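Chains as they are written, first to last, in the numbering used here: chain V, 1 to 378; chain L, 1 to 397; chain C, 1 to 161.
Hints were generated in silico from the structure; no laboratory data involved.
Among the clues, some could well be false.
To be verified - Dumping the calculated DSSO-like pairs for lysine-lysine here, alpha-carbon to alpha-carbon at most 27 Å:
{"no.": "1", "chain 1": "V", "residue 1": "Lys219", "chain 2": "L", "residue 2": "Lys281"}
{"no.": "2", "chain 1": "L", "residue 1": "Lys20", "chain 2": "V", "residue 2": "Lys130"}
{"no.": "3", "chain 1": "C", "residue 1": "Lys44", "chain 2": "V", "residue 2": "Lys130"}
{"no.": "4", "chain 1": "L", "residue 1": "Lys187", "chain 2": "L", "residue 2": "Lys281"}
{"no.": "5", "chain 1": "V", "residue 1": "Lys149", "chain 2": "V", "residue 2": "Lys187"}
On a predicted model such as this, the values are computed, not experimentally measured, just so you know.
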Amino acid sequence: MEKAGIVGVGQTKYERKKDDTFAELVFEACTGALTDAGVGIEDIDNVITVSNDFWDGRTISSMAIQDAAGSYNKDVSTVEGDGVFGAMYGMMRTLSGSFDTTLVVAHVKGSEGNMNLITNAMFDPIYQRKLGIDATSSAALQARSYMEKTGATEEDFARVSVKNQGNGVNNPYAQIREKISVDDVMKSRKISEPLKLFDCSPITDGAAAIVISNEKGMKRFKKDPVWILGAAHFSDSYTLGYRDLTNSRALEAAAKKAYDMAGITNPLMELDVIELADAYSYMELLWYEGLGLTPKGKGADLIRSGATAMDGELPVNPSGGLLCAHPVLVAGLARIIEATLQIRGEAGDRQVKGANKALAHGINGPCGQAHGVFVLGS
Amino acid sequence: MGKRVAVVGFGQTKGRSSRKDVNGVEIINEAVVAALADAELTIDDIDAIVIGNMDHFEGINYVDSWSVEGSGGVMKPIFKVTTGGTTGTTVAMCAYYHAASGMFDRVLAIGWEKNSESDTTGAIITAFDPVWERPNLGGAIAGLALEASKYMDNYEVTERDGARVAVRERLHALNNPYAHLHQEWMKGMEVDQLVELLVTSEQNQVLAYPLRMSDMCPRSDGAAAVIFASEDVAEKIAPIPAWMVATANRHNFALAGDVDMDRNTTMASASKAAFEKAGIKEPLKEIDVCELYLPYSYAGLKWMEDLGFCGYGEGPKLLWDGVTDMDGELPVNPSGGVMSSNAIGATGLIRVGEAAIQIMGKAGTRQVPKDVNFALATGFGGCYWADVMLLGKKKPA
Amino acid sequence: MENNAQKKDEQELLTVSSGEMFQPYDWSVGKFGSKFLHELKENKKLFGSKCPKCGRVFIPPRKVCGQCYVAMDEFVPVSDEGEVYVCAIIQFGFVDPETGKQRPVPYGYAFIKLDGADTCLTHFVDSVDPEKFKVGARVRAVFEEKRKGSLMDIKHFELVD
């Protein structure tokens, strides 16, 4: 397979409510990525946009942003799912030989719709939706199952929030930049037992864009690329009752494939930094296991050990992760951007020293049904 | 360089106005099972899946997640792409790029819709800008009526010309067991007689001048699945694979009021780009059959001009000369096209599948009576957006 | 019951309604849209945005000229009169998703190129007379008395003789 790399990144600041339109957010992210890449729109061969009709409140949500995404008279398509899948498609298009460069852009305005209703709509309309289930209440089921199975405690979940919110303080793009303690998490408002306010990611507005290039296209760019060493995605089954919610086998499969491509055999040792989708605190522990950082059922041990803290062996979510800003769909691209900045050594106060190999992760569907994984390196 | 890719299997459900006997997941599964059977593969052989539809027609968010038990996506790579009416061709292109990237050998593309589950015009209106255009929009029919009346005005085209397209599509549909509309009463009648009937019958209600009921596509429930394979496996799966020769698309507009209504500029630009890649200089001579996303009759006139099959204003002559009939030089829509079956998210993918089976020689009663070296499939939707895919019998260089 | 017994193996096919399911949204219109709606509501004036590169004037105003891929920052006044670019008389009834009610038919619908703009505003035209309401016809905006800051503060356009 040919190689592809990331040559430009751009993102808006993530906020609870932005007054910009979808198009304005997309334009800001795209021009940011182009400026970072040191090229103009004429150097972009094709465009992938990422949006969702329910979140945007319109059918064909990509229509609103065609001007702003710079797709005029170019090939363009739209992924409806997390940004990590948009990046996956953008990469495929550069590897196909049809295009040398792809601009991938995702946007969301969580502030404009109703999260509970929008995520309720991902459940079966006949048998599940009428029970009022949504992203958070289904996550609570998963968190509870995980506790039952592994002995992880609410305090363990709280440790994830404490770590990530602590990291977020150093990220100027983050929405929440406030240090908290385990006690703060435990005392925060109950949302859906066992999840409390500080276990849940916030509602966020924002956009993010990246430029991907194949080897042939690299001569258009001045900066060294961050190479995509491995990339894979898998989906588990849908119905919550069919799926073992405590075993993220789809992530395991995706990580294994991406590691194989990247020649990684011991991720805990070989990766320098991870940016993963911690939509809810407990998820980080589950994803540790799926990513093969720790044996099954031992996610809590890893957070307790401090290995994933900023000064640990493998810092996870130096950006603060989704717990500090959760622009749905955009999140996966934001993880890729953070991983890219880390490898470039451009992550400012949140920089992990000497980061060479990074993993970025995104999820789709209820309780992390589908996972996408990128392994990036200098 | 990436891999060369071919279509090796195609399955579709018969279009119906309502399929209450199945839910969305089940209708998806019908198409997938049919495509796998066609390619003589099992779901285990599939390396990745791409699916698409339009969320608000069924009110399901994250359809790729919701449908895995029907699509076969459990523990497989799968994601969703969607772009409105062009969704089906968008799905096909995405599956193509999956295989062309060298990352996956056998990729399943799925498009589906159960238009019976919501009000189609209402759902289409919500595709447009909620602040600037939704309050006064009249759905797809109104938008297309605007285009048709402008075209008639520009080139002195008549209602008879539009009706002649409708007659062609519905007559062709009679040969297609999967078409939703089978207007058996048309059998055995002369074309002129049918045209006359369509433009004079009071039963053929005017929806928005010049468009009557017969000028529009139906709303259907249906699903389609197409299997794409990389050059490493394609010839082992299909005796005659349908190779992807070139693809291009243009989604230039964000607001309906920005659209050039004189010409279909996106169709012109996308087809020009695809033909250039393929080295096609004289589309009418070099392309053997078309499966075009013609959502209404007048598109079968004007867009033929934008695709470069004839000069501006010459669409009606091409049509009346019989060039686009089954036994003509360039048969258009042997399947009966969109005007005979329109499960929106599946529609574009059905064009690609139908174009492929013409090359593979598997089109049965709707196989065109000539050698097929190049087959053209198009998609249309969104804000006058266009997708173009050219398939060929010869393995590309 | 008899009916059911008869069709023991043939259960009637059912559907489940979503009921009064409603998803509310609050869409931002940004700086450009806000200016347009404010001027429309307060002053019955229409504004577009002008591209600094190609000079085209867009209505409704927005930030990005897609073809030039540059940001616009100039608001320019656009006339409330213009020409019908394309038009249709809608005769089929359907449920308007904006109101949930059947939209009354027939009605006139057009893309209107306002004097001073390069793109069209889509709107209703108060005429269903195909002899008068046609491509090239001159039209003028009719404003609502009580305006709320929405596109529908323009009630419709009327033909100008």
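Verification of the hints:
no., hint, verdict
1, Lys219/V / Lys281/L, "violated (32 Å)"
2, Lys20/L / Lys130/V, "holds (21 Å)"
3, Lys44/C / Lys130/V, "violated (46 Å)"
4, Lys187/L / Lys281/L, "violated (37 Å)"
5, Lys149/V / Lys187/V, "holds (24 Å)"
Comparing the model with each numbered hint stated earlier shows that hints 1, 3 and 4 do not hold.
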